[in-house]
Amino acid sequence: MTGTLLSINGLTKAYPGVVANDSVSFDIGQGEVHALLGENGAGKSTLVKMIYGLVKPDQGTMQLRGADYAPVQPSAARAAGVAMVFQHFSLFEALNVAENIALGMENPPSMRDLATRIREVSEMYGLPLDPARIVGDLSAGERQRVEIIRCLLQDPKLLIMDEPTSVLTPQEVEILFQTLRKLSSEGTAILYISHKLEEIRALCDNATILRLGKVVGKCTPRDTTARDMAEMMVGSSLHVPERAGGEIGPVLLKINDLSVPSPSEFGTSLKNISLAVRAGEVLGLGGVAGNGQDELLGALSGEIPTAPGAIKLDGKAIGAFGPVARRRLGLLTAPEERLGHAAAPDMSLIENALLTGSVREGLESRGFLKWGKAKSFAEAIIERFDVRTPGPGNAARSLSGGNLQKFVIGREVMQRPEVLVVNQPTWGVDAAAAASIRQALLDLAAGGAAVIVISQDLDELMEISDHFGALNEGRLSDIRPAKDLSVDEIGLMMGGSHGMEVAHV
Amino acid sequence: MLKLEKRPQPSQFWTYLTPLLAVALTMIAGGVLFAFLGKDPIVAIKTIFWDPLFSEFAFYYRPQLLVKGAPLVLIAIGLSLGFRAGIWNIGAEGQYIIGAITGAGVGLAFYPMEAWYIFPLMVIAGALGGWAWSMIPALLKVKFGTNEILVSLMLVYVAEQLLASMSLGLLKNPEGFGFPGSRNLNDYASANSWIHQNAGMHWGVVAAFIAVIFAYVLLNRHMLGFQIRLTGEAPRAARFAGVNPNRLILICLGTSGALAGMAGLFEVSGPSGQISIDFNAGYGFTAIIVAFLGRLNPIGILLAGALMALTYIGGDIAQSKLGLPSAAIQLFQGMLLFFLLAVDMLTNFRIRLGQKEVA
Numbered sequence: 429m430t431g432t433l434l435s436i437n438g439l440t441k442a443y444p445g446v447v448a449n450d451s452v453s454f455d456i457g458q459g460e461v462h463a464l465l466g467e468n469g470a471g472k473s474t475l476v477k478m479i480y481g482l483v484k485p486d487q488g489t490m491q492l493r494g495a496d497y498a499p500v501q502p503s504a505a506r507a508a509g510v511a512m513v514f515q516h517f518s519l520f521e522a523l524n525v526a527e528n529i530a531l532g533m534e535n536p537p538s539m540r541d542l543a544t545r546i547r548e549v550s551e552m553y554g555l556p557l558d559p560a561r562i563v564g565d566l567s568a569g570e571r572q573r574v575e576i577i578r579c580l581l582q583d584p585k586l587l588i589m590d591e592p593t594s595v596l597t598p599q600e601v602e603i604l605f606q607t608l609r610k611l612s613s614e615g616t617a618i619l620y621i622s623h624k625l626e627e628i629r630a631l632c633d634n635a636t637i638l639r640l641g642k643v644v645g646k647c648t649p650r651d652t653t654a655r656d657m658a659e660m661m662v663g664s665s666l667h668v669p670e671r672a673g674g675e676i677g678p679v680l681l682k683i684n685d686l687s688v689p690s691p692s693e694f695g696t697s698l699k700n701i702s703l704a705v706r707a708g709e710v711l712g713l714g715g716v717a718g719n720g721q722d723e724l725l726g727a728l729s730g731e732i733p734t735a736p737g738a739i740k741l742d743g744k745a746i747g748a749f750g751p752v753a754r755r756r757l758g759l760l761t762a763p764e765e766r767l768g769h770a771a772a773p774d775m776s777l778i779e780n781a782l783l784t785g786s787v788r789e790g791l792e793s794r795g796f797l798k799w800g801k802a803k804s805f806a807e808a809i810i811e812r813f814d815v816r817t818p819g820p821g822n823a824a825r826s827l828s829g830g831n832l833q834k835f836v837i838g839r840e841v842m843q844r845p846e847v848l849v850v851n852q853p854t855w856g857v858d859a860a861a862a863a864s865i866r867q868a869l870l871d872l873a874a875g876g877a878a879v880i881v882i883s884q885d886l887d888e889l890m891e892i893s894d895h896f897g898a899l900n901e902g903r904l905s906d907i908r909p910a911k912d913l914s915v916d917e918i919g920l921m922m923g924g925s926h927g928m929e930v931a932h933v
Numbered sequence: 028m029l030k031l032e033k034r035p036q037p038s039q040f041w042t043y044l045t046p047l048l049a050v051a052l053t054m055i056a057g058g059v060l061f062a063f064l065g066k067d068p069i070v071a072i073k074t075i076f077w078d079p080l081f082s083e084f085a086f087y088y089r090p091q092l093l094v095k096g097a098p099l100v101l102i103a104i105g106l107s108l109g110f111r112a113g114i115w116n117i118g119a120e121g122q123y124i125i126g127a128i129t130g131a132g133v134g135l136a137f138y139p140m141e142a143w144y145i146f147p148l149m150v151i152a153g154a155l156g157g158w159a160w161s162m163i164p165a166l167l168k169v170k171f172g173t174n175e176i177l178v179s180l181m182l183v184y185v186a187e188q189l190l191a192s193m194s195l196g197l198l199k200n201p202e203g204f205g206f207p208g209s210r211n212l213n214d215y216a217s218a219n220s221w222i223h224q225n226a227g228m229h230w231g232v233v234a235a236f237i238a239v240i241f242a243y244v245l246l247n248r249h250m251l252g253f254q255i256r257l258t259g260e261a262p263r264a265a266r267f268a269g270v271n272p273n274r275l276i277l278i279c280l281g282t283s284g285a286l287a288g289m290a291g292l293f294e295v296s297g298p299s300g301q302i303s304i305d306f307n308a309g310y311g312f313t314a315i316i317v318a319f320l321g322r323l324n325p326i327g328i329l330l331a332g333a334l335m336a337l338t339y340i341g342g343d344i345a346q347s348k349l350g351l352p353s354a355a356i357q358l359f360q361g362m363l364l365f366f367l368l369a370v371d372m373l374t375n376f377r378i379r380l381g382q383k384e385v386a
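Order-wise, the sequence lines are chains D and Z. FYI, in my numbering the residues of the first sequence are 429 to 933. FYI, in my numbering the residues of the second sequence are 28 to 386.
Chain D extracted, bound-state conformation:
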């Protein structure tokens, strides 16, 4: 490290009703890998958006290599040598890799030159990528490579990475880290945003911890335990979900050789999936996003019809049943996408309670709706799951993501399911709420229900699962007891490194 690259002094940004950043200051050295750590809503995104020129700070200054730096838009930031890889990819699935990269450039070179440069850069950093492939056919890890190479072509001095590993297998994470270390050794500084503490300990030189918009601590991750960092992040000691250790009972849900084509063009078809879950058991299904999670949930919820015998509940073939009939029998589900799938954004929480609750909670009689009962059901969910909202009459879209997630999961848990299937139950939820959602799932299993948790958060799955399996390209790995699995084994179950190779350092 030779000198300071970016210096941030007292950056403040307020939105109506909330101060997203409150005089945040820290320095990033040249070639330093600097971690920005904090829970959802701590202000990490706002901060990097200011550095990248997407948001203008209310107060405070930045210096890049000693000179004043106040980008008015992302192109100014890129011109100054700041590049960013977003958590959500901005790629066109129908275009190929080179075309996608050209779209993000101010003066794209000819396609042939660009393809050559893409090959050069990708080989230099061990990120093999064929410029002519269609992005829709790429895995999530490969798509991230497109984004990274798009940045590297600009020869950045500072690379901002927003939660880059949430879509990667452990093996892919290791390869990404090799690439980042190589970049760092060549003098490129990296601002690495994450809440995954072990990764930060493995990769980063320094860490700045944000809570509620303020810097609450700095540390050297290698010398600090994950638990200490977590407590700095949350500001209190963490409640670890505990299980009552109920009896494992008979098989409740059995999937037998389920194969389903995906309803969407770039989706993943399910291939020969078989599994069984017993009463009192939590089955965790890991896997990188886009490997059939949505399709599996759709097949179980009844949105995607399957062969009648492929899914059996209590021995009854329900594959041809629709969502309502399955709910009546006790198979409940909660999809990943909250707004628009699990809940209707412009409808009130009462109406959203009715959305899945009408059958089991008796909210209709002979087709007529019982609004009073629906309202009490919504109020009960809000009360028990601590959903922060002025009242059940508010629209679903007025709730924050975490609060809506609590409502959506709570709605299913409160209906006393026999089998509950959830996809990404704690995505975007703060640590305390995530712990209470996990506790609710464990309590449900302890009470004799079978629970399937589909998630990309391996720590979460290891914490609550009895058995673990992984989805990879629409296939399900062998299902194994969770407690004696190593990270390497899990990674291999998730499909290993998807053909990535380590950087040729």
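These aren't lab readings, by the way, just hints derived from the structure by calculation. None of the values given here were measured: they were computed from a predicted structure. Ideal placement from N, C-alpha and C gives every residue a C-beta, glycine not left out. Errors might be hidden in some of the hints.
Said to hold, decoys possible - Over 10 Å on every C-beta distance to chain D, these chain Z residues come out as not near it, computed from the model:
#, residue
1, Leu177
2, Arg266
3, Asp343
4, Phe376
Claimed, not checked - No more than 25 Å apart at the CA atoms, straight line, and that leaves these computed lysine-lysine pairs for DSS-like:
#, chain 1, residue 1, chain 2, residue 2
5, D, Lys585, D, Lys484
6, D, Lys646, D, Lys682
7, D, Lys646, D, Lys699
8, Z, Lys66, D, Lys484
9, D, Lys682, D, Lys610
10, D, Lys484, Z, Lys30
Following the hints, position chain Z against chain D.
Frame of chain D; chain Z shown alone:
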């Protein structure tokens, strides 16, 4: 600088105020238009909105409100169910024509017999005719995924040709001295929808009111209405909730077709009296405007239907009394929808002044 900011929730206040604001803006812009045409804008607006209700000849115009408003409301109620669910039946005009043909056909088949059951049978036949015509786009959409907007719209022109053929051929009045058009059902007591002709009351008015109440209960109290609204707001959530989209397409298109067909039957057996080449007066298309003007809400549609009927009648008066061209009146009616859609944005967005903000 003006900036639009999305509201966290749709504003109740603006939901009710926007239709009134749209009417006011239409009056202003329409007044300017009439002024450019060399007419006194105040007199023109008064002629359109005031004279039909309160002038010395109002006794003649007021019943016309029921006559013009009833088919608009009846058709618009049916359309609004589908529009709420994102199912776009643009061909109500065609279903209206077919309902008139089948209903009148049944009545004429009994001629000259007199019996109490003839008129109910005609109503059923009219509803079935409109329903069957709407099942063509519905089944094509369910089976082959065709676009119901195009299919239903094109079937209007087929229906118009069928209407011409009927009034020149099969249903032509054998005692009509060779003129095109059927027997006049007003002269056939058993096939007549008038209850009290001088008051403008016919069974179509009753049906329109029943439809409003029925739709209100359906949308607010019944599972099917909830499913319709859910499908319109969030189709994926609707499928997750267990709504069968194909079933909903058949129900919504079928209901709107049946109501449009009934409206056609009431019209042919009452105000119009006979099947003729130019029997259809565009109610099926105007009802689309009425449905949106009433914000797809049954009560709103009732009010919008009355307002639309008012501009029709007032427009006629303005044409004859002030010599305004009919195109100006149509433009005026078009403005109403234009302003409604424009100010509709205020329910979901608020306008902020003078904020400079990157991002």
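So, going through the hints one by one against the coordinates:
Every beta carbon of chain D lies more than 10 Å from that of leucine 177 of chain Z, the smallest distance being close to 24 Å; the non-interface claim holds. Not every CB of chain D is more than 10 Å from the CB of arginine 266 of chain Z (nearest about 5 Å), against its label as outside the interface. A cut-off of 10 Å between C-beta atoms confirms that aspartate 343 of chain Z is not in contact with chain D; the least separation is 40 Å. Non-interface status of phenylalanine 376 of chain Z relative to chain D is upheld: no Cβ of that chain comes within 10 Å, the nearest being about 13 Å off.
This hinted pair checks out: lysine 585 of chain D and lysine 484 of chain D have alpha carbons roughly 21 Å apart, not beyond 25 Å. Using a Cα cut-off of 25 Å, the hinted pair lysine 646 of chain D and lysine 682 of chain D is violated, with the two alpha carbons roughly 49 Å apart. Distance hint between lysine 646 of chain D and lysine 699 of chain D is unfulfilled; the C-alpha atoms sit about 47 Å from each other, more than 25 Å. The straight-line distance between the Cα atoms of lysine 66 of chain Z and lysine 484 of chain D is roughly 54 Å, outside the 25 Å bound, and the hint therefore fails.
With a CA separation close to 47 Å, the supplied pair lysine 682 of chain D and lysine 610 of chain D exceeds the 25 Å bound. Pair hint lysine 484 of chain D plus lysine 30 of chain Z holds up; C-alpha atoms about 17 Å apart against a cutoff of 25 Å.
Checked against the numbered hints above, the structure breaks hints 2, 6, 7, 8 and 9 and satisfies the rest.
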